[in-house]
Amino acid sequence: MEKSLLIELLRSDLKHALTIIKEVTSQNYSSWNQVAESILQRLQPNKNLMMPLTKEVEDLTIALLMRITTKLPSIRFPEPVPHVKEIFKRVRELSLSPIIIDGINEFLLTPDSHFYGRKVDEDIALLKQQLDVFQSYLSKCSDNQKKDVCPTIIHLENSLDSLEFDNMTSGQADREYSLCILDVNGNFSKF
Amino acid sequence: MFFFNTLVMADRMAESLYDMKQSDLLKQNLFEIMIPFSVHHLKKTMGESIFSSMDGQAKNFSFTIYSQKKSDMTLSVKCEPMKIQEEEYDEDLIIYNKYLQSLSAKAALIDLNFERPEELKKFELSYGFTVNLGNSALLSAKTSSNIKPVILLLVRKNQLPQKFKYSLMKIHDPIIKKNESKPNI
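If you read the sequences in order, they're chains Z and A.
Under this note's numbering, the letters of the first sequence match residues 3 to 193, in that order.
Under this note's numbering, the letters of the second sequence match residues 1236 to 1420, in that order.
Okay, chain Z solo, but in the shape it has when bound (with noise of 0.2 Å):
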């Protein structure tokens, strides 16, 4: 296919792209996948080929960043973004604009806790919320020391279940996690 006419063509397909993700909602979002895997076809590894298309790739980076690491519920992505990392890792390698690249590479330092966790704001509220579990627990026992009114890991994890995955619906929280009390120099148990 002759180059000029295969580079209008991604230029068509990149544009359908950006209007779907800016049209994607709760109600439409399984349309995302199909959308995700056609731009990672899109996004050829000839720079040559993607340099006249900076503009295009620019606007859909943007707002499928945007829509990733907002804290705006009516503009976020209903759900984890299959195949985002692989995109920006793509995009990463054309000649995009430096502060694009700056954003794809905070939002890939810690691309899960986009998906599963929240920012670090948030986060303060959160432990905030779980520490008062811990209290309230840690009080029983300071009251009735019998060690079999000692809260188990079970009663633990569904106080944090409850706070951490509350935005969730079933099935998409990993509930595989651990919690774990270090010292400041990243030791395990020597306090």
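None of these hints come from the bench; they were simulated from the model.
Among the clues, some could well be false.
Unchecked claim - Within a straight-line C-alpha distance of at most 30 Å, the following computed DSS-like cross-link-like pairs (lysine-lysine) qualify: (1) Lys87/Z / Lys1398/A; (2) Lys1398/A / Lys17/Z; (3) Lys87/Z / Lys1279/A.
Said to hold, decoys possible - Which bits of chain A does chain Z cover? Going by a derived footprint, with three or more residues having C-beta under 8 Å, they are: (4) 1252–1266; (5) 1278–1286; (6) 1294–1303; (7) 1389–1402.
Beta carbons are placed, not taken as given, at the ideal position from N, Cα and C, and that holds for glycine.
Put chain A on the given structure of chain Z with help from the hints.
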């Protein structure tokens, strides 16, 4: 039976995530069970004293540890669409899937305030301590000897590996080299 006091230090899920017994894990240092790539990356992005520099703000980060306990093939299946870098990246994935595990963490500095000071030394937490969100600056101003700053670390598995040149570990990492030299059964 497990009791709360022990579990807070390292819960049962830690055995699965860190791929070692709880008793062994409690002798370890988090940064020593990470692969060198991860330690370097964390120091580069979070500074030399990763936890010491925390100021009451929770931090999110990912890291990779040595682990051969891959009970399912979820990771490799999910990584299949990533055949971007062809053979080179495949080699990285092979090493990763055989010997390593990527984890995501959320860490926060907290103060453990022991109601009975003698328990701070023993850390035998059969009962009686309270937990407060910490702040290292505030902590230094406190005179009570029964307060200890610690890191509350919540960890879960990453679905995809961090992007490192794992194939280099086959040549340069003694642990991977040793495992690679073992005959296949």
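Evaluated hints:
1. Lys87/Z / Lys1398/A: holds, 11 Å
2. Lys1398/A / Lys17/Z: holds, 29 Å
3. Lys87/Z / Lys1279/A: holds, 21 Å
4. 1252–1266: Result for this restraint: holds, n = 9.
5. 1278–1286: With 3 residues close enough to chain Z, the hint holds.
6. 1294–1303: holds (count 4)
7. 1389–1402: holds (count 8)
The structure shown violates none of the earlier numbered hints.
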